[in-house]
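Asks: Below, each chain spelled out in residue letters.
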Amino acid sequence: MNLLARGRRPARRGEAHGGLAARLREPTQVVFLALLGLVAVGWALVALDGGQFLTMESVVGIQQRSAALGIVAIGQTLAILAGSLDLSVAYLISLASLVAAEIMAGQDGKVVAAVAAVLAISALVGLVNGLVITRLRVHAFIATLGVALIIKGIVDHLYDGPAGKVPESFQLLGYSRIGPIPVSAMLWASVAVVAWFLLSRTRLGYRIYAVGGNEDVARLSGIRTGRVIVITHVLCSVCAGIAGLLLAGRLGAGAPTVGTDGGYDLESIAAVVLGGTALAGGKGGVAGTVGGVLLLAVLDTIFNQLEINSFGKDVVRGVVIVIAVAVYARRGTRRSA
Amino acid sequence: MRGIGKSFLGVRVLSGVDLDVMGGEVHAVVGENGAGKSTLMKIICGIHAPDEGTIEIDGRPVSFGHPLEAQRSGIAIIHQEFNLLPERTVAENVFLGREPVRRGLVDRTAMETATARLLDELGEDAFGPRDAVKRLSVAQQQIVEIVKALSVKARLVVMDEPSAALAEHEVELLYRLIGRLRERGVAVVYISHRLREVFDLADRITVLKDGSRVTTCPISEVTPDELIRLMVGRDLGTYFPPRSAGAGEVRLSLRGAGNLKLRDIDLELRAGEIVGIAGLQGSGRSELAKAIFGAEPFTTGEMTPSRPRSVREGVAMGIGLVTEDRKAEGLALRQSVRDNALLVARAVGARHRNGLRDLLQRVRLSPPRQEQEVRYLSGGNQQKVVLAKWMTMAPRVLLFDEPTRGVDVGAKAAIHDLMRELANDGMAIMMISSELPELIVMSDRVVVLRDGRIAGTLPAGASEEAIMRLAAGEVA
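From first to last, the protein sequence lines are chains A and B.
The first sequence lines up with residues 1 to 337 when you count with this note's numbering.
The second sequence lines up with residues 1001 to 1476 when you count with this note's numbering.
Bear in mind the hints are in silico, worked out from the structure with no lab data behind them.
Virtual Cβ for every residue (Gly too), placed ideally from N, Cα, C.
Careful, some of the hints might be misleading.
[To be verified] Using C-beta positions, here's what the derived DEER-type ranges look like:
#1 V1138(B) to A113(A): 56 to 62 Å
#2 M56(A) to T1109(B): 41 to 47 Å
#3 I150(A) to E1329(B): 36 to 42 Å
Modelling step: build the complete structure from the supplied sequences, incorporating the hints.
Replies: Shown next, in the form of structure tokens:
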């Protein structure tokens, strides 16, 4: 019996860290490499077609196209990293655009109040999402779907078309740019930087990774896991609210379908996953999501410039997302095998 | 700890257990499976609350409602399964939930230097605080757990079977680590069923048996033989069912079979015979069962009547496998007894609806309620449902992997009786077990595995020592 200690071959030594090869295996690097590759392919294709790919116009277009989705996806990244997800963002975006435009009513003086109201309502929606998930123990998928339907019901009841008016000054958010960089893209970048900072430099960030990585481990380490999930949902919803403000600025009014038409719910999740964040949580980050959003936007731009119909575009997007996740899954298993 | 008692669902698993541990001492807690070791440890660490009895630290009574409260009192536990986040770095894991902050931000530098210092003190230089935990070996992950315990200034570290997942050279490292803990005046409670480790490491030893304390004494006052007697101390003869009359035709035979984990396996399973499989953890016992069954198929060698390439083919050949982990692999916990019992029948398209009541009676499910969700059943009853599941297809060969793990004594006897009954009805049975007494008394033959090969075959009634000698490959 004393011999039981034997057996089992020696475990393999942990792989060496660092090195280009090892870094290339991280999804974040993969997505940016894919982005570069896609730009090259796009440039070649458009050139063959007799056009010019990276014109000032198209670069600005890519950034503008990305900004709203990008901001939503940053929020979604937080929720997904914590092991949750948010399907209510699309309806919340519509609601936010309506609240903003109605309160502003074309007056410059009401902008601050409108922004504050939008942020407050968004935070409230996030709080509800978070509490339903943690207190009522409803799975995030159902909880946020339910909240999404509630918002949809309210919006559909009150509006059947665009409403409110956004003053000229606020519309600058949607269209103006400084040099080649649109203001909306800067907004996106600052949200991304804040989120990156949050994740990598604050306790909350560490806890988000812990909760998403393994909720039991997190709890046994003294983390109040429920609170972390609630906070990430509040942040996620606030991001959606900001995206709603941006879209209101671009439209000049609020619209009850602006969120759903953009498909921001599923598309933001797709962008996050494309960026290498594990849908189960605990692994990934903001940088990957930015890459994922840009990848989708560049894809759009190529199709637009080549003037291929949008069905083809959707097919290619679908294929890209599935392949990306399959590639990450392969890498994951090979590493742990 | 004084007079600790605990019951689960009316089953008393601990009664009146006393345990006292002193600083700088390694205190081993030993006992058979089900003796109550793990429950006792979970009470120390605040995972369970005791039903009776008190816990005192430095003479002050304490009660833990939550693992965190135990942690704050300086108690750390290192579980068999590690509590680590594989995607995060070593330092992030060590300081999980207690990250140092400076001006509101996590102080990575402080975290990493503190971790590096602790790693240094333990003489660990193969990895650093910035390495991702998923890239570490099992032994290295255990070091991370120990560093975590040290970083909370734990005064009592509970280690639950710490060597179970380690290779031999890693076990030596563990010894060194425990030595360092002792030097620091930390008390270590070491739970193990490996007597060699206990004699190598412990200062004192507490023996548990059937939920009570048998004795606590300095290690120098007992010999290994005495210790085994204290742990086992039961009359095996009356406990197990009688042997079979004899073996019949060959149901299944392997010749030179192998795959990634197994090599050169020659084995015959005969109708009416129970073949016991012994071996240490990692010797390929479960892998053998899975290979025969088709779950992790053989890639080389011969198997007659044929070599299954998938579970479906294995089942079609009439092979059933009662897996080691019934909750994860054997049952759909949220479904009813009936749905579980009919899983296999439905998968292979057999009709068995009418016979189900008889079948559940035959496996002695009590009470035989078909609508009950399986997760509410006791371990023994769950195992009976797994058995019923396979019996619906009247298997020719039935493989058991740890059939009585986590099963109470009464159900254990029922399962043993049933296994013998099935064999006498002409089934060929292979049984893997880590409990040597069970293996010895149940088996008509014991095949011992070592490093994925057959180390030898022993006749019925072989001694534990003979089995262990083959399993460990040592000349003793």
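Asks: Run every hint past the structure and note whether it holds.
Replies: Hints, verified against the model:
no. : hint                            : in the structure
1   : V1138(B) to A113(A): 56 to 62 Å : holds, 59 Å
2   : M56(A) to T1109(B): 41 to 47 Å  : holds, 43 Å
3   : I150(A) to E1329(B): 36 to 42 Å : holds, 41 Å
The structure agrees with every numbered hint stated previously.
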